[in-house]
Amino acid sequence: MTRSGENPRPAAETALVTLSIDGREVTVPEGETILAACTAADVETPTICWAPNLTPVNVCRVCVVELEGSRTLVPACSRPAEAGMQISTDSERVRHSRRMVLEFLGSANDLSQASEIADWSRAYGADPARYEGSADDGGGDLPLRPEPERVDEPVRIQDDLYIRAYDRCVLCYKCVEACGDDAQHTFAIAVAGRGFDARIRTEYDTELPDSACVYCGNCVAVCPTGALQFRTEFDLRAVGEWRPDDHSVTRTVCSYCGVGCNLELHTQDERIVKVTSPADHSVTSGHLCIKGRFGWQYVHAPTLEAGAAISGAPEPEPAAPESMPQPASNEI
Amino acid sequence: MADLHFSDAAPTASERRAVLAALGVDEESDGAVVVSHPRVVRAGMQRRKRMRHQLLPALHALQREAGWISPGGLNFVGRTLGVPPAEAYGVATFYEMFRTEAPTHELSVRHVCVDPICALAGAAPLAEHLRSQGHAVHEGPCLGQCERAPAVFIQGRREPDRVPADGSGPDSLLVSVTASTTGAPSLLRQMIGRDFRYSESMSMEAYRERGGGAALDAALRLGTDEVISQVTAAGLSGRGGAAFPTGIKWRAVADGEGPKHVVANIDESEPGTFKDRLLCELEPLAIIESIVVAGLTVGAEHGWIYIRGEYPLATQRLRHAIAQARSAGWLGEDAAGSGQPFDIELRRGAGAYICGEETALFNSLEGFRGEPRNKPPFPTTHGLFGRPTVVNNPETLLNVNEILRIGPEAYRSVGTEGSPGTKLFCLSGHVGRPGLYEAPFGMTLGELLGLAGGVQGTLAAVLLGGAAGSFVGPDAGELQLSLEDTRAAGTTLGSGPVMVFNDTADMSAVVERLAKFFRDESCGQCVPCRVGTVRQHELVTQIRRTGRSTEPQRELLGDIADAMGDASICGLGHTAASAVLSAMRLGLLGDTAS
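Chains as they are written, first to last, in my numbering: chain A, 1 to 332; chain B, 1 to 594.
No wet-lab data here; the hints were simulated from the structure. One or more hints might be untrue.
Quick list of the computed label-pair ranges, beta carbon to beta carbon [what the hints assert, rightly or not]: (1) A:Arg71 with B:Ser180: 54 to 62 Å; (2) A:Pro278 with B:Pro160: 53 to 61 Å; (3) A:Pro29 with B:Asp255: 22 to 30 Å; (4) A:Arg71 with B:Gly258: 26 to 34 Å; (5) A:Glu132 with B:Glu139: 24 to 32 Å; (6) A:Thr55 with B:Asp255: 23 to 31 Å; (7) A:Pro80 with B:Ser203: 47 to 55 Å; (8) B:Ala13 with A:Arg71: 51 to 59 Å.
Residues on chain A that point at chain B, a partial pick, calculated with CB under 8 Å [unchecked claim]: (9) Val59; (10) Gly69; (11) Leu73; (12) Ser78; (13) Val101; (14) Tyr124; (15) Arg130; (16) Asp160; (17) Gly193; (18) Glu203; (19) Ala212.
Every residue gets a Cβ at the ideal spot worked out from N, C-alpha and C, and that includes glycine.
Make the full structure from the sequences, and use the hints.
Put into C-alpha cells, the structure is as follows:
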C-alpha cells in the first residue's frame, strides 16, 4: 500500500441520480434522500424529527411522500433517492397523512411553543379539535366523542440550566440522538415505556443532576417543541418577557479552549439569553459542551458591569454558581 | 466503563449470581468478566458491543430472581454488558414481562389472557378467582393458547415459568386433511396420534425412525441452488401473514456476503394464533432440522430462535432438541458433514406483540427496544446485526422440509394455483372442536368450520387473521381460504387464526378489545400509530357506549385508518384499523346513524 502521492486513487466521480418530483426532473448525488431532492426542486417539505446534524429516524412521518409503485407512503427524510423514482409531494394521500400527523400531535401535546409545527398545521388544515369531547350528546346522555387522552406531565425543574416539559414532547427522538450516538455519546436519556405511554426518561426517571447528564445542552438545542428549554427562556416566558423578535444574534468563537467552536449569542435587552451554534458549522455541527453553552454568566457579572478594572479584580466564576449540578461543575 | 455513568445502586448477591449464570460467566474480578461463551469472547468495547445481545436474557434472569428489574440489578447488567443504564431501562420498560417497580409480594405472577376468545371463555371470573385465592394476577394480551381458553401463563419467581394446562389437561386437538393422502404435503403427519408425554418420542433416534432428517439429507445432496429452485418451483410463500415468496428471500440471502443469519421467528403473538407453539412442542427436532436446512442452504453461520417468553414448554423442548442436534453433529464447525459451520442460539421474548415484526425482532434480539426499522433496506441485505438474514416462522420452515421430502410437484398437488400446499388454521371460539387444523389452501370457510365440529349456536361473525385481520359475516361460508380469494374478498388469512363468534357474544365488546389491543401493543415510535391507535380506541369505546355510530364518527375512523395504513412505519400500524373497519361494515358495532 502506498501512503501518499504515488498511485493515488482516481478521483471518485460522484454518481448522480435523476428522479421526478411532482413531474419535475431533479438530479441529486447518489445517496442523497428524497428530502434533499425535494429541496433541490424547491419543494418545501414539513419535518419534525429530521435535522441536518442528526441521523434520520423517520418517526414523525410528517414528511411522507407518495412514491409510484409503493403500497404505502414513504418518508422523504430517510429514503434514498433512486433513479427513475416518481414522487408526488402534494397528492390527496400525502396531504391527508400530513394533516393527520399534525392533528394527532395537536390533539395529544401542548404545541403552544412549537411555532413551526403550528405553521404547518395551519397550512395543512389540521383540526385537533375534531377529537375533543362534544357538547352534542346525540340525544343520549353521552358525548359523541370522548375526552381525548393527552400527554400529561408536570414540568421537571431540577437544576439552573434547563427544564423538561414533556407534555410538549412529540417523541421525535432528537434529544436521544444528540445525547447519544449523534453527538455527545453520554446516553443519559432514552425512550422508555411503550405506545402512547412512551416517554423520554433517564433510568427510573432519576433526577437529571444524578444521571449521566453532562449538561451540554445539545438536547435542548435540537428540541422542536420547547419540551426542553433553557432556564433563561423558561424564566423569561414565565414573566411574559420572552421576545424572540427582539433578539439579536452575534456570532463569535468560544474562548474556553482551542477547538474553535462557533457560538451564536442570542441577546435580548443586551443580555445573553441563549447560546447556540450553527448546525452547518464544520467544527460543532451545531453541538456544544457545557462551557460554550452555559459558561457566559461572567459577561453579566456585577463587577464587570460596574466597569471595574479587569486587572486585579477577583476572577469571575466562569459558569453558574453553586447551584450548578455536581457532575457538571467537576467537568469545568 | 469509564465512559458510562452509573448510580451507586448495587445488585444483591443473588441478582448478581442470577445474571452471571444467565450470561454464562465463569468468574469475575475487578470488574472484568471472563465469558466462556464462544460468541462473546472479545476484548474492550468490541466485546461489549458483541455482548449487548445478551441484554434480554440478563433482564429475564433479574426478573425471575428479584421479581423486578431493580436499579442495582440494572446497573450490574449495564456494567457487565456495556449498556448505558438509561438505554437498559428503556429496553426493560418495553416488555410486558418486566417490572421496573419493586413488587409488593414474593409470588410468581399468573398472566391471564383477556383477548376476545379467552374473554368469552370466562377470563375475567378466572382472574377474579385466582386473586381471591391469593395469587398475583396480571391481565394481559393473548398467550397463544386459544384452543384451551381461558389461558393462564405463570411467570415464575425463583422457579421456572410454566403453563398450568401443559401436561395436565387433554392434549390439544390436531387434525390434518392431507395427513393420510400419500404424496401430499402434511406438516402434522408425524404428530397426529403420537403420545407426547414420553420424552423418548422426542429423542433423535425416535425422530429418525419416523422419517425425520430426510429433508436435511436431501438438502445436503441437492445443494443450495437446487434446494432454492425446488422451494421456488413449489410456490412456497411465508405463512406469517405477509405471504412473501420464500424462494426469493432465500435466493437473495444466499447471494449476499457473509456473515449471514437465519432466524426462526417463533414470536407468534397475533391473537388467535397458536400453531407455531404446537409445532415446537410436538416436533421440536423438525424445527431444528428445518433451521439447519435453511442455514446450510443460504450459507449462514448463525441460526437464532426467537420464541415468545410465554411458551415455556416449547422453549424447553427446543433447547433439548438443540442439544440433541449438537450431539448428532447437525450443529458445530462442520454442521451435518456439510463442511460449513452452523450453530443455533435460542432467545426468549418478553411479551411484546410488535417483536413478531421481523425488524423489531432483530432490534429486540440485539438488545435494543423492539421498534421496527424502516424498510427498505430489507432483511435479505440488512437484517440481524445489519447482515443478510433469512427470517421465517416454523410453519414456513416445515413446509420447506415437506418440499424436500416429496418434491415440488407433489407439493403442488394440493392447494390452489396461486396458493400451493396446505395451511395451518387455528380454530377457536364457538366451534365444536377448537384446535389446530391443516387443510389445503382453497377449502371453503364453511368446510373448515364443519371439520371443526361446526359452529356452536348461530354464527354471528368470524375473525380471520386475528387482530390484524378482518371480520366476515355468517354469509361467508363459501369463501375459499386461499391467499388470492381472501385478498379478492377484502380480507386476509394472516397467520391462520379463525376466531368464531356466535350470537351470544357481545361483538361490540370484542371490537373494543381489539382496538385496545393495538393501543397497548403499538411500540410508540411513529406518530400515526402511537396516537392513531389511541384515538381509534376512544372512538370505538364511545360508539359502543352509545350503541350507534354517527357520520362524523365514521368519517373520523376512516381518516385515522387511512393515515395509519399509509404513513405508519410497519405492519402493525398498517393493519391496526382493519378489524374495526370490517366490524363497522358488518354492523357489529351497533346501528349507524347519520
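Each hint tested on the structure:
Distance hint check for A:Arg71 and B:Ser180: the Cβ-Cβ separation is about 40 Å, which falls outside the suggested range of 54 to 62 Å. A hinted range of 53 to 61 Å holds for the C-beta pair A:Pro278 and B:Pro160, which are about 58 Å apart. For A:Pro29 and B:Asp255, the Cβ-Cβ distance of about 27 Å falls inside the hinted range of 22 to 30 Å, so the restraint holds. For A:Arg71 paired with B:Gly258, a C-beta distance near 31 Å keeps the hint of 26 to 34 Å intact.
Distance hint for A:Glu132 and B:Glu139: a CB-CB separation of about 30 Å, consistent with the stated range 24 to 32 Å. Checked against the hint of 23 to 31 Å, the C-beta distance between A:Thr55 and B:Asp255 comes to roughly 28 Å, which is consistent with it. Distance hint check: the CB atoms of A:Pro80 and B:Ser203 are about 51 Å apart, consistent with the given range 47 to 55 Å. Look at B:Ala13 against A:Arg71: about 54 Å separates their beta carbons, and that is inside 51 to 59 Å.
Because the beta carbon of A:Val59 sits about 5 Å from the nearest beta carbon in chain B, less than 8 Å, this interface hint is met. Annotation: A:Gly69 was flagged as interfacial toward chain B, and the flag is violated, the nearest CB pair being 13 Å apart, outside 8 Å. The beta carbon of A:Leu73 is positioned within 8 Å of a beta carbon in chain B (closest approach about 5 Å), and the interface hint is therefore held. Against a cut-off of 8 Å between C-beta atoms, the interface hint on A:Ser78 holds, since the closest Cβ of chain B lies about 6 Å away.
Among the interface hints, the one on A:Val101 holds; its C-beta lies about 5 Å from the nearest C-beta in chain B, closer than the 8 Å criterion. The beta carbon of A:Tyr124 is not positioned within 8 Å of any beta carbon in chain B (closest approach about 12 Å), and the interface hint is therefore violated. Restraint check, A:Arg130 versus chain B: the minimum CB separation of about 6 Å is within 8 Å; hint holds. With a cut of 8 Å, the hint placing A:Asp160 at the interface with chain B is violated, because the nearest CB-to-CB distance is about 20 Å.
Contact between A:Gly193 and chain B, as hinted, is supported at the beta carbon level, the nearest pair being about 5 Å apart and thus within 8 Å. With its C-beta approaching chain B no nearer than about 4 Å, A:Glu203 sits inside the 8 Å limit, and its interface hint holds. Interface hint at A:Ala212: satisfied, since its Cβ lies 3 Å from the closest Cβ of chain B, which is below the 8 Å cut-off.
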